[in-house]
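Enquirer: Single-letter residue listing:
4 protein chains.
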Amino acid sequence: MKQGNRIEQLQIAYIGGGSRGWAWGLMSDLALSEELSGTVKLYDIDKEAARRNEIIGNRLTALPESKGQWKYETADSLEEALRGADFVIISILPGTFEAMASDVHTPEKYGIYQSVGDTVGPGGILRALRIIPTYVQFAEAIKSFCPEAWVINYTNPMTVCTRTLYEVFPEIKAFGCCHEVFGVQKLLADMLEDMLGINGVRREEINTNVLGINHFTWIDSAEYDGMDLLPIYKEFAGKYYEEGFGKHDIENWMNSYFESAHRVKFDLYRRYGLIAAAGDRHLAEFCGKSYLSSPQDIASWKFSLTPVSWRMDNRKRLIEQSERLVNGEEQLKPKGSGEEGVLQIKALLGLGDMVTNVNLPNIGQMAGLPMNAVVETNAVLSRNRIAPVAAGRLPAEVESLVMRHVVNQETTLRAGLERAENLAFRAFSADPLVALGVEDARALMREMLLNTKEYLPGWDLA
Amino acid sequence: MKQGNRIEQLQIAYIGGGSRGWAWGLMSDLALSEELSGTVKLYDIDKEAARRNEIIGNRLTALPESKGQWKYETADSLEEALRGADFVIISILPGTFEAMASDVHTPEKYGIYQSVGDTVGPGGILRALRIIPTYVQFAEAIKSFCPEAWVINYTNPMTVCTRTLYEVFPEIKAFGCCHEVFGVQKLLADMLEDMLGINGVRREEINTNVLGINHFTWIDSAEYDGMDLLPIYKEFAGKYYEEGFGKHDIENWMNSYFESAHRVKFDLYRRYGLIAAAGDRHLAEFCGKSYLSSPQDIASWKFSLTPVSWRMDNRKRLIEQSERLVNGEEQLKPKGSGEEGVLQIKALLGLGDMVTNVNLPNIGQMAGLPMNAVVETNAVLSRNRIAPVAAGRLPAEVESLVMRHVVNQETTLRAGLERAENLAFRAFSADPLVALGVEDARALMREMLLNTKEYLPGWDLA
Amino acid sequence: MKQGNRIEQLQIAYIGGGSRGWAWGLMSDLALSEELSGTVKLYDIDKEAARRNEIIGNRLTALPESKGQWKYETADSLEEALRGADFVIISILPGTFEAMASDVHTPEKYGIYQSVGDTVGPGGILRALRIIPTYVQFAEAIKSFCPEAWVINYTNPMTVCTRTLYEVFPEIKAFGCCHEVFGVQKLLADMLEDMLGINGVRREEINTNVLGINHFTWIDSAEYDGMDLLPIYKEFAGKYYEEGFGKHDIENWMNSYFESAHRVKFDLYRRYGLIAAAGDRHLAEFCGKSYLSSPQDIASWKFSLTPVSWRMDNRKRLIEQSERLVNGEEQLKPKGSGEEGVLQIKALLGLGDMVTNVNLPNIGQMAGLPMNAVVETNAVLSRNRIAPVAAGRLPAEVESLVMRHVVNQETTLRAGLERAENLAFRAFSADPLVALGVEDARALMREMLLNTKEYLPGWDLA
Amino acid sequence: MKQGNRIEQLQIAYIGGGSRGWAWGLMSDLALSEELSGTVKLYDIDKEAARRNEIIGNRLTALPESKGQWKYETADSLEEALRGADFVIISILPGTFEAMASDVHTPEKYGIYQSVGDTVGPGGILRALRIIPTYVQFAEAIKSFCPEAWVINYTNPMTVCTRTLYEVFPEIKAFGCCHEVFGVQKLLADMLEDMLGINGVRREEINTNVLGINHFTWIDSAEYDGMDLLPIYKEFAGKYYEEGFGKHDIENWMNSYFESAHRVKFDLYRRYGLIAAAGDRHLAEFCGKSYLSSPQDIASWKFSLTPVSWRMDNRKRLIEQSERLVNGEEQLKPKGSGEEGVLQIKALLGLGDMVTNVNLPNIGQMAGLPMNAVVETNAVLSRNRIAPVAAGRLPAEVESLVMRHVVNQETTLRAGLERAENLAFRAFSADPLVALGVEDARALMREMLLNTKEYLPGWDLA
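Residue numbers (full-length UniProt numbering), protein chains in the order written: chain A, 1 to 462; chain B, 1 to 462; chain C, 1 to 462; chain D, 1 to 462.
Careful: at least some of the hints might be erroneous.
One copy or two, either will do: identical chains are not told apart, so a pair holds if it fits within one copy or between any two.
Straight-line C-alpha distance at most 30 angstroms; calculated BS3-like pairs for lysine-lysine [as the list claims (entries may be wrong)]:
1) Lys47 x Lys316
2) Lys109 x Lys302
3) Lys47 x Lys333
4) Lys316 x Lys346
5) Lys234 x Lys143
6) Lys173 x Lys234
7) Lys302 x Lys333
8) Lys333 x Lys67
9) Lys335 x Lys453
10) Lys239 x Lys335
11) Lys239 x Lys47
12) Lys47 x Lys302
13) Lys316 x Lys143
14) Lys239 x Lys316
15) Lys47 x Lys453
16) Lys453 x Lys346
17) Lys239 x Lys67
18) Lys302 x Lys143
19) Lys173 x Lys71
20) Lys346 x Lys109
21) Lys302 x Lys67
22) Lys234 x Lys67
23) Lys109 x Lys173
Just so you know, these hints were derived from the structure itself, not from any lab.
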C-alpha cells in the first residue's frame, strides 16, 4: 500500500456520506493531498444523497488540479462500506431537522433558550438519546467488519457519540474531532494583530494546552513564538469586555453564520482566569442561565441562537447546490477546508506526526475527571498511534462546572442504552439549563420524547 | 474528676450562651443527667442575654427534680469561657435577623425563593461569608486555651463552620451535630404505624446508614427489628406522593413551626431511589428550582418558606419568655429536648458508646467525596474518641448533586478566608438556585454584600 | 424466632464442623449464652469428626450449667448444612498437615523460614491457591441455599478466603474474624500493669483504632480510661526492647503454644512509630527477611517457628481428647473461649451493638488501599448490619509494606481462579520472603505445587 | 536572539562542566548544530577540570567543520554560571568515586550485589542522601538567578534529583533525560534485522509507549512502520531466552563497557508480558535478588557488575585524554553523541517539535502512580513547553514493583531533606535488595553512612 512517501489504495468508509458541507470539505482536502489515493465508500440512509456525492467526488477527482486520486463509490450497506476500511469517518444527523426543531424550540416555552441544542441542555440530551442506539450499531459493525480501522467521529454530541463507541467496543481505535478550539486559536492570532500589531499569524502557530470536554474546553496556557499569551489575553478581554471583539473570522465558509463577539469568553475569563476554548454559542449552553436567560440578554452577549429554520433553509440551499454540482452547473474546487481530518489521516499513516486537540477516553490526560470519560485535550498522532497529552487539572470551580456535565453525559449514555426514562430524567433535570420546577421539567422532557418518538425505538413512552 | 460512674467538675464552655431555645434545651438535658455535674460558662456578645441564662440555668439546677448539679456562670471573654473547658458548645447567629432578612428575601426580587436560607443558596453563602472570620477566631482561641477540648458545633451553615475550625486548627477535636436526620427516622417510625400498624417505635430503634453532607444527607439502607425499610418506604412514598403524609411530629417544641408533608422527600425517592434525610425545607434548597420555582409551586410541594419576620417575632416571644423565666413568673422544667448533645458528651466521657450521625472531615467515610470535606455520616462515639463509620458511596447522580455543593462550600471557605469577591461569585453563581443571567447574579450578590457589609470587615466592597 | 430478649430456633451451619479446638470453643460459648438456642449443623469432609462433635456438643448442651439450648446435627452435604441457615461459620484446613508441611518446610531448603506459613510468604500463597476453589464452591452454595445468612470466616489465609467469597457472590453478608488484635490489646493491658501498676484491665477496655490487613494490622491510637497509650507504649517498647516482655498470656488455651516476647512488635514500633497489632509470628512473615533471616536470628527475636510436626502431634492429642469426650471419659465444660463469635452473632441478632475488628471489603474504611480489597478495621455490629469504621490512612512507608501484600493477594486470587502458574509466580516472586534468584524461585514454587498437586485440581502442572 | 531560523547568543549553564565524556559529547553535538550559537558557562567544584573543558570546547569550536559557534567560559560561582542562562544542564557526581565504592561494595559483605549502585538499592539510597542537599542548593540558585531557564538533569539518581528540584522550586522548568530507553529501541531495531531481515532501522523510527520510573521503565506498545512489535518480541525473547542476544551495540562509545545479553529483559517479558526498557544492569537492581542473588547467578544472566575500580581507571584514562585534548596532542571532533540534549534544546527553542521520553512530575501521565512523583514517559517538546504524553497504567503486578520504589524514593527525599536516619532506614530496609535481618540492615546502613559522612553535612551520625 505504501509506495515511497505515497500511500495508495487506501480505503475510507464515510458514514453519513450523503452529507453536504462536511463531505465536500473532505473531498476537497483529499483532492489536495498528493501523498494519498484510494477509494471512499459513501454510506448514507439517504442513499440518493450518497449517490450525488459519488458523482460530485468523482468529478472533483477528475479535475487537473486534484493531486490525490480518489474514487468515490456508494455503499448499499454499512457492511459494504466498512469491509476493508482503513479509516471510518462518521458524520451524521440523528433524526431530522424536524426532530432538531423539537430539541431546540420546545424548551423555549419554558423560557429555556439554546443557541445550538446539539451538545448539552434539553436538546443535547434528547439528541443523545436518539443517537446512542445508532452508535451502538456502528460500533458493533466496526468490530465485525474492520476492527483495526481508525474511526474519526465528527457527529454531535461528540462526547456521547465517542463514549458509546468505546462502551460497546473498548478496543476501537476511535477519536472525535472538532474545530471549535481552532476558532479560539484564530481569535488569539487576531488578538496578536489587534494588541501588538503582529500580522499574519496562523492558528497552527499558536500553541495551547487544551483541557476539558468537547465544546466546553479550556486553555490554561498559550504561547506564540516564545510569548506567553495569557497576560495579553487579560488585557484583550478587558479592552473588549463591553463591546465585544469585532474582527470576525469570515474566511471559513463553514462557520460564517455562527459568529459572535466573544463576550461570553471574555466574561468567563473574568470569572475564572482561563480562556474558554469554543464558540460562545457552545460555551453558553454549559453555563445554565448565565448567558441564556432571555433573548434580550443573549443579544447583549452578542451571539445568536441558531434557529433550526435557518438549518432547514440552508439545507435547501445545499441541496440546490448539490444538484448544480451533480449537473455540472457548478464545479467543486479543491481548496482547503480548514479542517484537520486529512492531516490526521496522514499522521496516522506515518506521514508526519502532529499534535492537535481530540476527544478520547481519559487515561489520565485530564486529572480530576473520571477515567474513561471522553475528554478533549491535545494528543500526538503518529503512525498508527494516538497518544493524549497529559493536560493537568482544571481549577476546582471550573472542574466542578465540567464535572456536572461529565456525570450527566454518563447518565445519558446509560439512559440511552437501557431506554430508561427515569435515568434520562436524572440527566435532564440535572442540566443547569433546566432551571425549572420538577413538574415542569417532567412535562417538558415528556413532550420532547413524544415529539421525537419515532427516533426512539424500544422506548416505553405510553 | 471521675467518681465511680459519675463525672464531676466538668467544665463546659457555651459560645452563644445567651441563646434561647438551644441553651434552654441543653440546660434541661444537663439537669436530667445524673452522672454529670460541673460548670457551664456562658459566653455571648450579647452579655445581658448570657447573664439572663445564668440566672435561668442556676434556678433550674436548684429544682428538686434536677439530678445533674450544674453551676452557670457568665464569661466576660472568649478566653475566660474556654480556659479549662472539657467541652465547647458553639451555637451562634452570624449577624442579626436583619442580615438574615437580606439573605432570605433580597433574592426574591430575582425570583429566587429560599425556605431557610442558612445553608446553601444565596442566603447560605452570604451567611457563610459572615461567619467564617468568627469561626477563624473561635478555632484560634480553642487552639490557645483548650486544645484538648471536644468542640460541638450546632451553628449553620454546619459544613462551612466545621470546615473552618479544621482549616485553622487541624488537630481540633470538633464535630457538628444536627437533628434533621432524627426527623426522618421519626418519619420512618410513623410509616411503620401507618403501613404496618406497628406503634410506638422510637426513632433510636430505626437503624440507618447516613451519607452526604449536612441538610443534604441520604439514607440508602434502613432497618427496624430485622426488617428492611426501603421496600416499605417505596410503597409509602407512592401512597402519599400526591397528598403528602400528615401525621406531623408535634412533640418537639423546637420543630413545631417547621412542618412539611414530606412531598419533596417522596419525589426525591421517585427520582433517585434513596431516602433523602433532612426536612423538606432544607432539601429543597439544594435542588435548584426543582421545588422552589415559585410560591405556588412551593405551596403545592407542601412545605413553607420560613419568613425572617417570623423569626423576629419568635425572638420577641422568647425574650419575653426569658424575662418571665428570670423574674420567676415562669419556671424552666427539666424535660428532654430530643437533642443528643448530652448523650454525646456522656459517650465521649466513657459512659457508654453511641452511634449517631455527625459532621466530620472525610477520612474515607464518604467514598467519592474529597478527603477533608466535612461530610455527614454515622460515627461511633466512645471515650475520648469519635470514629466515623464508612458509609460507602452515593449513586453517581446523587453524588454529582452533592458534589457541586461540596466544591461550592470549599470555594466559599476560600472566599471568606481571603475576603475575595471574585471567589465568592464563583460559588454564588454556581449555586443551582442562582439560575440567573450573570449580570443579574452579579447585581444580586453585590446588593447582598452591601446590605450586610458591617458584618464583613476587611472586605473591599467600594 | 424472637421471644422477648431470647432468640430461638436459630440455625447455624458450621463448615469444618469436625474441627477440634475451634468447634469446642464455639460450643462452649454457645452453651454459655442464655439468650440463644437452636440447631448447629456440622458439615465436614471428615464426616466422622463431625459426628464425634455432634455427640460432644449434645452432651455439653445436656449439662445443667449450659444455658443456651443447642442441638447439634451432622449434615451429609453442604446443601443440607446451609439450607435455612441464619449463620454460617467457616473454619477449615485446606488440604492436610502434610500439605502444610510442604508449605512451611520446603522453602527452608532455600533459606526461607516461615513462622506460621498460612497467610503470606510461599506457604501462605500455596495455601491460598489450594483454598480458593473450595471457597468458590462455598460462595456458590451460600448464594443458592442461604443468600441472606451471615457468614463468619475463621480460615486462613483470612484475606484471600474472604475476598474469594465476595468475588463470587458480591452481595454475600460475610466477614472475617481473627483474635490476633485481641492479643495485642492484652499486651497493652499487661503494659498498664507493668508500667503504671494498673491491674486487672480487660482487653475490651482498651480502645484502639485498627487498620491494615489481617495479621498485618496496626494500631495508631489507643486509649484506656481517657489515657493515651501511645506515649506509654513508647516507653514500654524501649524498656523491653532488648530482653522482650515476659508476662505471657497463658489464659487462652488456644494460644499457649504460640508465645513470643514481642520483640518484633517493639522493633516495628522503633521503625515506624505505630503498634503492630498481631502476634510476632505473623507480623514477621510480612516483613521479608527482617526477622526471619536465619534460625539464630529468629531465636534472638524471641518468637518461634511453629513446626508442622507440632501441629500433627497436637492433632493426635486432640483426636485422643475427642475420643475421651465422645466416650464420656472427659467432659467438655462451658467456659468462655475468649473468641468473639457468639458475641458477634448476638449483635447481628439485635441483642446489643458491639465494636470490634473484622475483615471486610474496603468501601473507604482504609483510605489509601484499593476499594474492594479485604481490610481489617473496627466495625460496628448491630442488628443485621455491619458497618466498618473509617480508620484513616497508614503512614506512607507502612502503607507501602501493606500494599505490596494487598496487590499480591489480589494476584494470588486471580491465579487461583484461573489456575494460572504464571500469575501465581508473579505473586510468589513478589513476596518479600522470596528473596531468591528467579530460577531458584521458580524451582521452589514448582516443587511446592507438585508436592500438593492433589489439592490443585484443574492445574496444568505437567 | 532569533535570526530567521538561527538562534544566537544563547546562554547555557553547565553545572558539572568539568566532566569528561558527557561534556565532550554535548560540545560535539553543539558544534554540529548550525542553527545555534552562544556561550556555555562551565561550572564545577573542580575548577581546573572546567578550565580544561573551556580550552577543549573553544578549540573544537574553532574547527572548520564546527557549524555552531560557541564560546566556552569557566564560571567562578554557581551564580555566575546561572545569571542570564536560557538553559541549565546538570551532570555531576555526588561525592567521589571513593564514596561510590562504599555505595557499591560495602553491601557485598552482606551478599548484596549491585550492578551500578546509583539509582536504587543501598548504593542508590546513599547516593541520593548525599546529593539531595546539593540539589536543594541548585534549585534555590536557579530560583534566584534564572527562574525562567530550562533545566535538564542528567545526574543519577535521576528521580530523586529531579524530584528535589521540584520540591524546592515547584515552578522550575526542569526535566530529566536518560538514554536507557534508546538502547532498548536499538535492541528492537536489531530484532527487526534478526527476526525479519529488516536492516538499517534507526531507533528513532521505533515508536514506543514508555511508562514507569527512570531505569525501571516499560514499553507496553511498540511499532515500526505500522507493524506491532510486541508479538515479534515475544518470539525474539523466546528464541534468545537461554543464550541471550549477542549483536551488541558498539557504536555508542559512552556505552561500550556496559553490555549485556538482554536475558534480564527476556525474563521480565516472560514474567510480565511487557518490554522492560532499560539496560539489564539497571533493571536488575529494581528486582531484589531475582537477577542479583550471587556472582554466579549474575554471570548466568549475562550482564556484569561495574566495579568502581573500573570507573576510577576510566577516570584516569579520561583525565589523560583531557590533557591530550588540552595540549593539542589529540583533537575532539564534532560527531554525534547519540544523546538528545541538543535536539531537546532546539525543540524548546521552537525549531521543531519532538517526542521523546523524559522524567517529569506526574500530572496524570502515569495513571496509578501518585501525583507529583517523578515518572518517565514520552513527552512532546515544543517551543518553551514540555507536555507529557498520557501513558496509561501498568499491569497491577508491575505497578506494584514500581510503586515500592516510588514510595521509597519519596521517603529517601524526606530523609535527605530532614537528615533523618530513621527515615533513611525506612527506605533502606524497604528496598528489595536489602533482604537482610533488620540488625544486619541497620549495621550496613550505618557503616555506609559513616564511610561517606564527609558528604553528609548536618547529619547526626555520632
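Enquirer: A separate judgement is required for each hint: does it hold in the structure or not?
Expert: Quick rundown of the hints versus the structure:
1. Lys47 x Lys316: within (17 angstroms within a copy, 79 angstroms between copies)
2. Lys109 x Lys302: Both: 22 angstroms inside a copy, 26 angstroms across copies.
3. Lys47 x Lys333: within (24 angstroms within a copy, 68 angstroms between copies)
4. Lys316 x Lys346: Neither: 34 angstroms inside a copy, 52 angstroms across copies.
5. Lys234 x Lys143: between (47 angstroms within a copy, 26 angstroms between copies)
6. Lys173 x Lys234: between (39 angstroms within a copy, 23 angstroms between copies)
7. Lys302 x Lys333: neither (34 angstroms within a copy, 64 angstroms between copies)
8. Lys333 x Lys67: within (12 angstroms within a copy, 46 angstroms between copies)
9. Lys335 x Lys453: The answer is neither: 41 angstroms in one copy and 61 angstroms across copies each exceed 30 angstroms.
10. Lys239 x Lys335: neither (36 angstroms within a copy, 53 angstroms between copies)
11. Lys239 x Lys47: Close neither inside one copy (51 angstroms) nor across copies (53 angstroms); limit 30 angstroms.
12. Lys47 x Lys302: neither (39 angstroms within a copy, 56 angstroms between copies)
13. Lys316 x Lys143: Neither. Shortest intra-copy (36 angstroms) and inter-copy (63 angstroms) distances fail the 30 angstroms Cα cut-off.
14. Lys239 x Lys316: Answer is neither: 40 angstroms inside a copy and 54 angstroms across each miss the 30 angstroms cutoff.
15. Lys47 x Lys453: within (23 angstroms within a copy, 64 angstroms between copies)
16. Lys453 x Lys346: Neither: 41 angstroms inside a copy, 56 angstroms across copies.
17. Lys239 x Lys67: Classified as neither; 45 angstroms inside a copy, 47 angstroms across copies.
18. Lys302 x Lys143: Cα proximity of Lys302 and Lys143: none, with 45 angstroms in one copy and 45 angstroms across.
19. Lys173 x Lys71: Intra 24 angstroms, inter 50 angstroms, cutoff 30 angstroms: intra-copy only.
20. Lys346 x Lys109: neither (47 angstroms within a copy, 58 angstroms between copies)
21. Lys302 x Lys67: neither (42 angstroms within a copy, 55 angstroms between copies)
22. Lys234 x Lys67: neither (44 angstroms within a copy, 42 angstroms between copies)
23. Lys109 x Lys173: neither (42 angstroms within a copy, 51 angstroms between copies)
Of the numbered hints given earlier, the model fails hints 4, 7, 9, 10, 11, 12, 13, 14, 16, 17, 18, 20, 21, 22 and 23; all others are met.
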